[in-house]
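If you're matching positions, the sequence shown starts at 8 in my numbering and goes up one per residue.
Treat the hints with care, since some could be wrong.
[Unchecked claim] Subject to a maximum C-alpha distance of 30 Å in a straight line, what follows is the list of computed DSSO-like cross-link-like pairs (lysine-lysine):
| # | residue 1 | residue 2 |
| --- | --- | --- |
| 1 | 193 | 372 |
| 2 | 178 | 220 |
| 3 | 193 | 280 |
| 4 | 280 | 372 |
| 5 | 193 | 139 |
| 6 | 219 | 230 |
| 7 | 193 | 377 |
| 8 | 193 | 178 |
| 9 | 139 | 178 |
| 10 | 220 | 280 |
| 11 | 139 | 219 |
| 12 | 178 | 377 |
| 13 | 230 | 178 |
| 14 | 220 | 230 |
[What the hints assert, rightly or not] Derived Cβ-Cβ restraints for the label pairs, each shown as a range:
| # | residue 1 | residue 2 | range |
| --- | --- | --- | --- |
| 15 | 264 | 305 | 16 to 22 Å |
| 16 | 92 | 262 | 50 to 56 Å |
| 17 | 351 | 146 | 19 to 25 Å |
| 18 | 352 | 315 | 26 to 32 Å |
| 19 | 280 | 235 | 28 to 34 Å |
| 20 | 248 | 352 | 54 to 60 Å |
Calculated from the structure, these hints are not laboratory results. All values derive from a computational prediction rather than experimental measurement. Ideal Cβ placement from N, Cα and C applies to all residues, glycine included.
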Amino acid sequence: MMLHQSRRDILPVSLPGNCDNDDTNDMAPLMLGINININIRPESSRSDWRKVGLGVVLALVGLASVGGITYGVWYYRREAMMMDPTLDTALSSDPLPYDRVPALWGDDFECLGWRATAGCDPGGERTPQYDKTCDTAIGLGDAGFCEVRNRTSLQVYRVMATTCRGVIGLKTFTCNMAEEFTDFSKQAATYVHDPAPQFSGVRRGIVFSVFKKALPGVFAIIKVLRSYGCTLPIEIFYRADELHAQSNVLVQALLQSDPNVVLREITDPHATKFRTKPYAVYHASFDQVLLLDCDNVPLRDPTYLFESPAFATHSAIFWPDLWHPSHTIFSVQAQNLLWQYVDMPFWDVFEQESGQVLVDRRRAKDALHKLMAYTFGARQDGTLIESM
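Produce the entire structure from the sequences given, and follow the hints as far as they go.
This is how it looks when you write it as structure tokens:
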């Protein structure tokens, strides 16, 4: 048993005989042994424990360092593989790493599962050990394709082929979505939105979609437009659950001071957030519409745009945004699943600025229907791409 007292903690011990008796000298070795046990052994124990503790700490630091270096090397190699520019053509090279389903599925759809491939290439060597079930999430870093089958013909198709960058961030998809995924482009091609767009003659105007916090910006923009001499009529689209127009001071001041400003309530429950912009363009009462954002301040009267040769030729004018496939926050790049979803080839151009759009609605009627299909889904319950 180890004793953890110092010498000053030891109490005197009475032993038989006189202190001056020679017998007490016989106890000296015993007393020495007791003192040694009390004073030396605890210090030795503490030293041993310190050494053990230091060894454990050094071992943990070493393991952490090795683990960190190993992870760093793995992460670097993974990133290098994922960012390999040659993969930009992986989804468009011949032969394609996916199949085109010839028709809508109906009741014939059957999912077989996710088939993983190596090298971040959906056309690469198969890696069956990484296959997944139809309801397992596929995300950033997964490469491969969904395998599905027609119950009637037993034809097997590879669909939703993706590199490691098919989706971004925490977005995921499952192979159970393959039916809706492959059906969408076919449905969008023939989709007709209800109600149909209304036309009221060759009229030009400006539309805004607003919510309460955006209203001061729109109020200022309208005042600036009028200061330029712009007399174009203006429609302001809003949701009643976001803006109480009848009691809003800015709205009422605008309506009272400008007879060419009209409020339009958004009645579609699915038209929320960014969807309000396509809704405003589609439902505007103008044949030719200039959509402006609440933070888009014109530097001159924009009326001249309606007479521009570009607008007369193309029936629409779009402006470039900051983002480009090589520098994008929305992952609008060659490897995105979006291109298969809408059945379009990748387009390597600047993304479109959504805060300033000029459209001739009468001449672009078919495009308006497709716009609504892309915005609300061909079944008007949202698009699959938003959930990915």
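Which hints from the list above does the structure break, by number from lowest to highest?
-> Per hint list: 11, 13 and 20 violated.
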